[in-house]
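Asker: As a plain string of letters, each chain reads:
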Amino acid sequence: AQRVTQPEKLLSVFKGAPVELKCNYSYSGSPELFWYVQYSRQRLQLLLRHISRESIKGFTADLNKGETSFHLKKPFAQEEDSAMYYCALSGNFNKFYFGSGTKLNVKP
Amino acid sequence: GAVVSQHPSWVICKSGTSVKIECRSLDFQATTMFWYRQFPKQSLMLMATSNEGSKATYEQGVEKDKFLINHASLTLSTLTVTSAHPEDSSFYICSAQTDSGNTIYFGEGSWLTVV
Numbered sequence: 007a008q009r010v011t012q013p014e015k016l017l018s019v020f021k022g023a024p025v026e027l028k029c030n031y032s033y034s035g036s037p038e039l040f041w042y043v044q045y046s047r048q049r050l051q052l053l054l055r056h057i058s059r060e061s062i063k064g065f066t067a068d069l070n071k072g073e074t075s076f077h078l079k080k081p082f083a084q085e086e087d088s089a090m091y092y093c094a095l096s097g098n099f100n101k102f103y104f105g106s107g108t109k110l111n112v113k114p
Numbered sequence: 002g003a004v005v006s007q008h009p010s011w012v013i014c015k016s017g018t019s020v021k022i023e024c025r026s027l028d029f030q031a032t033t034m035f036w037y038r039q040f041p042k043q044s045l046m047l048m049a050t051s052n053e054g055s056k057a058t059y060e061q062g063v064e065k066d067k068f069l070i071n072h073a074s075l076t077l078s079t080l081t082v083t084s085a086h087p088e089d090s091s092f093y094i095c096s097a098q099t100d101s102g103n104t105i106y107f108g109e110g111s112w113l114t115v116v
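Heads up: the protein sequence lines correspond to chains A and B, in order. According to this note's numbering, the first sequence is numbered sequentially starting from 7. According to this note's numbering, the second sequence is numbered sequentially starting from 2.
Note that these hints are calculated values from the structure, not bench results. None of the hints are false.
Cβ pair distances, simulated, as ranges: (1) Ala-23/A to Thr-81/B: 43 to 49 Å; (2) Val-116/B to Ser-36/A: 42 to 48 Å; (3) Glu-85/A to Lys-56/B: 45 to 51 Å.
Listed next, the in silico DSSO-like pairs over lysine-lysine satisfying Cα-Cα at most 27 Å (straight line): (4) Lys-15/A to Lys-79/A; (5) Lys-42/B to Lys-28/A; (6) Lys-101/A to Lys-65/B; (7) Lys-21/B to Lys-101/A; (8) Lys-56/B to Lys-67/B; (9) Lys-63/A to Lys-42/B; (10) Lys-101/A to Lys-67/B; (11) Lys-79/A to Lys-42/B; (12) Lys-42/B to Lys-101/A; (13) Lys-109/A to Lys-42/B; (14) Lys-42/B to Lys-15/A; (15) Lys-56/B to Lys-101/A; (16) Lys-79/A to Lys-109/A; (17) Lys-21/A to Lys-42/B; (18) Lys-63/A to Lys-21/A; (19) Lys-113/A to Lys-42/B; (20) Lys-42/B to Lys-15/B; (21) Lys-63/A to Lys-79/A.
From the derived model, a few chain A residues whose C-beta atoms are all more than 12 Å from chain B: (22) Lys-63; (23) Glu-73; (24) Ser-75; (25) Lys-79.
Idealized CB from N, CA, C, for every residue including glycine.
All chains should be modelled from the sequences, with the hints used to inform the complete structure.
Answerer: Now the structure itself:
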């Protein structure tokens, strides 16, 4: 069965510090992995997807099939990065399975 | 950009009544939409896949008679919570898939409180 695990409920870092939000997954096929972000009082929005291999707002994520991980990284966190981050897996038919989310708090 | 709108944003209803939540794709057609629910401080849980012109496909453990889904047009899917109970109180989120299939957009969510 598919599963997405985000072990940290809350991650607090200071502005300018590196940040890594962890995500591990299990899936029997070849999934697509995504990171979604939800800023305060806003809807979920796509941050990045592994097939795009792009950097959005300074964030990157590399799919490691050996470790079944898709950790989200940013070298220098900004206060405006404070939000809820969800790792998601999509298998067949564009169904999404979400992790429990990590709240990132970037302190000034 | 593409927008998915949900209505109402929040609703309070009495136990035993039914409540309908709408999900609209505002500037694109969506043959397929998805419904999720999210309990406080928990993740989004996929409830069902809504297919235009055909029956919805429900995830395991989701009662189809309890959560009625109708996808009558290419821009509208509705979720009706029937005979609502307090434990149905939750945040319901829909998403819509573009007909090209390569992009998903999420609605802003609807808070349901059953009293």
